[in-house]
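Q: Respectively, the protein sequence lines represent chains A and B. Read in numbering that gives the first Met the number 0, the first sequence has 116 at position 117, and its numbers run on one by one without any break. Read in numbering that gives the first Met the number 0, the second sequence has 189 at position 190, and its numbers run on one by one without any break.
These are calculated hints, taken from the structure and not from any lab test. All values reported here derive from a predicted model rather than from experimental measurement. C-beta: ideal position from N, C-alpha, C; glycine also. Please note: incorrect hints may appear among the correct ones.
Which bits of chain A does chain B cover? Going by a derived footprint, with three or more residues having C-beta under 8 Å, they are [stated by the list, open to error]:
id : stretch
1  : 48-57
2  : 98-112
Okay, derived cross-link-like pairs now, DSS-like style, lysine-lysine, Cα gap no bigger than 27 Å in a straight line [what the hints assert, rightly or not]:
id : chain 1 : residue 1 : chain 2 : residue 2
3  : A       : LYS179    : A       : LYS28
4  : A       : LYS31     : A       : LYS179
5  : A       : LYS179    : A       : LYS112
6  : B       : LYS11     : A       : LYS129
7  : B       : LYS11     : A       : LYS112
8  : B       : LYS11     : A       : LYS132
9  : A       : LYS79     : A       : LYS31
10 : A       : LYS128    : B       : LYS11
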Amino acid sequence: MDEKTLAIELRNVTKNFGSHLAVHDVSLKVFKGEVFGFLGPNGAGKSTTIRMLLGQLNPHSGRIEIFGRNAVRERLSVHKNIGYLSGDMALDTQLTGMQFLQFIARLHGGVSKTAITSLAHRLDCDLGKKIGKLSRGNRQKVCLVAALMHDPDLLILDEPTSGFDPLIQSEFNKIILDYKKQGRTVFISSHILSEVQHLCDRVAFIREGEIIEVGDMDELAETTLKRVRLIVQSVADVHHVHAIAGVQNVVVDGAHVTFQFSGHVRDLITSLARLSVVDLQIEDVDLEELFMRYYRGGKK
Amino acid sequence: MLAIVRKTLFEKRFSLIAWALGALFMVWLTLIFYPSFSQGDQLDSLIKSLPPQLQGLVGNVNNFKSIGGYLDGVVFNLRVPLVTVTMAILFGISLTAADEEQGTLSTLLAQPVSRGRVLLEKFMALTAGIIIVHIGVFFGLLLALLNINYTYSISLLLAVTAGSLLLALVFGTFAFGLGIAFGKQGLISAIAAGVAFLAFLVQSLAPSVKSLQGIQKLSPFYYYTAPSTASNGLDWTYVALQALIVAALVIVGWALFRHRDVEV
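Extracted from the complex, chain A is given alone in its bound form (with noise of 0.2 Å):
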């Protein structure tokens, strides 16, 4: 992908809250059509670096461009085409779930009731409610239909789906989606990886303010960690199973052999071809252990 195609960028991104540094030094890359995870435990810096996309914060030092405009500067034409949902968005509770976007369709120049309703209706969202009170799912919807309805070429999820139960979840996972088919761009932040590693096509994660990893998903599944099992004829080969880069952890009973192989697959396949194998089985170790290392502070 060229520059040309870039939603959002990152350049040398710095915060600081007084002593404590929030973000160090972030550039990030993301790129129209897009899904892309933005992946971290609390406090490691996620919703610092989204509320300095929506311009709420300025950053100390660094550059912030969303569609080719400066982020902090040209605030209000880049938010025309933004979609914008955080998981403790605050509202107006006095106001009924309508009154609520029917204000911010205002802000917005106007958007269809059309719009509003049915995307209500596609998430079986209650507007005649006053949002002080729903329950904190029912609010997560009605901020979600006012992230979608003006029709936004981004959308930006700051942990989008607490809250949310089972059903409203699928759907949420179908709108996203969707919206890539459209060729349209989604910056989605969670603590939980499961939560968005079916929807994205790539992912940062941050820790402590700092980027440690940025990747596509399909290539961290390929070549992050497996699990392998496998029945040798020799337990003699046993011992060479030990030598063969990338393999860890490994647990001897008899002729079975148990171990944790990262890397890529073929190269481990390529090793064992000499080996005695009359049996093997490899899986996929959850990404959420991946993640978990990464929370633990192991890979950089």
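Based on the hints, put chain B in the right spot on chain A.
A: Just chain B now, kept in the frame of chain A:
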């Protein structure tokens, strides 16, 4: 058009109506005692028995015997500002610092709306809220005069109400400006209330405490009290000065708000 003003006033409608009715009742209750107040001598001797410093707080009792003097010295001297200035400060803070602490300002700024527009529309809502409460004040005056069978110049009643409105707007905008510029609800509330109280104290004690006379003109209450508006009408120089203070507070608030980080 004016979506933020309309939404704000709709949301605050019950609170504003309650303040307006409260102001109406308070003005009515104070003014209906005017006939017994103006005809008795007991108050004269009571006030004369007070130390000179406290007499300054009460004012010249002889002035209270005319309706204009009673309105200036009793109704509008302490009671009306106590209600309207308190309301204006609370409203100014609720539109800015409280909104920011609740996170609704952040939600608003995530929409395609400039910070300048947010500030301007919120200031318009503040002004509208203060006007609504003063409609209550004005009708309180009319109702009480009707009850005690007195008549008074409508233009002077409007003038004294407008004078109070301006004073409330000065303090409301002070709280609003601090709130939009810094967004710390607790601190801003304390500063705004403290400044209003000090300003009132300076103006009240200045007639009898010489050292305060030098700083009396720093108090917005001076420009509110000095013209005796219910008797003489508005002093347009003072009106212009208060309008300038309001404009300056809005501009300073905007200058500090336009590039700052928004909390929550």
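Q: For a C-alpha distance cap of 27 Å, please report whether LYS11/B and LYS132/A respect it.
A: Measuring from Cα to Cα gives roughly 18 Å; hence the hint holds.
Q: For the stretch 48-57 of chain A, count the residues whose Cβ lies under 8 Å from any Cβ of chain B; is that count three or more?
A: holds (count 6)
Q: Regarding the pair LYS179/A and LYS112/A, is the alpha-carbon distance no greater than 27 Å?
A: holds, 24 Å
Q: With the threshold set at 27 Å, check whether the alpha-carbon distance from LYS11/B to LYS112/A stays at or below it.
A: holds, 25 Å
Q: Are the Cα atoms of LYS79/A and LYS31/A separated by 27 Å or less?
A: holds, 16 Å
Q: Run the distance test for LYS11/B versus LYS129/A: straight-line Cα separation, threshold 27 Å.
A: Between LYS11/B and LYS129/A the Cα gap is close to 15 Å, so the pair holds against 27 Å.
Q: Measure nothing beyond the straight line between the CA atoms of LYS128/A and LYS11/B; if it is 27 Å or shorter, mark the hint as holding.
A: Judged against 27 Å, a Cα distance of about 18 Å means the pair holds.
Q: Under 8 Å between beta-carbons, do enough residues of the stretch 98-112 of chain A, three at least, approach chain B for the coverage claim to hold?
A: Our answer is that it holds, as 7 residues pass the Cβ test (under 8 Å) against chain B, meeting three.
Q: Would you check the hint for LYS31/A and LYS179/A, treating anything up to 27 Å between C-alpha atoms as holding?
A: Judged against 27 Å, a Cα distance of about 9 Å means the pair holds.
Q: So if I understand the rule, the pair passes when the alpha-carbon distance is 27 Å or less; does LYS179/A with LYS28/A pass?
A: holds, 17 Å
Consistency note: the structure conflicts with none of the earlier hints.
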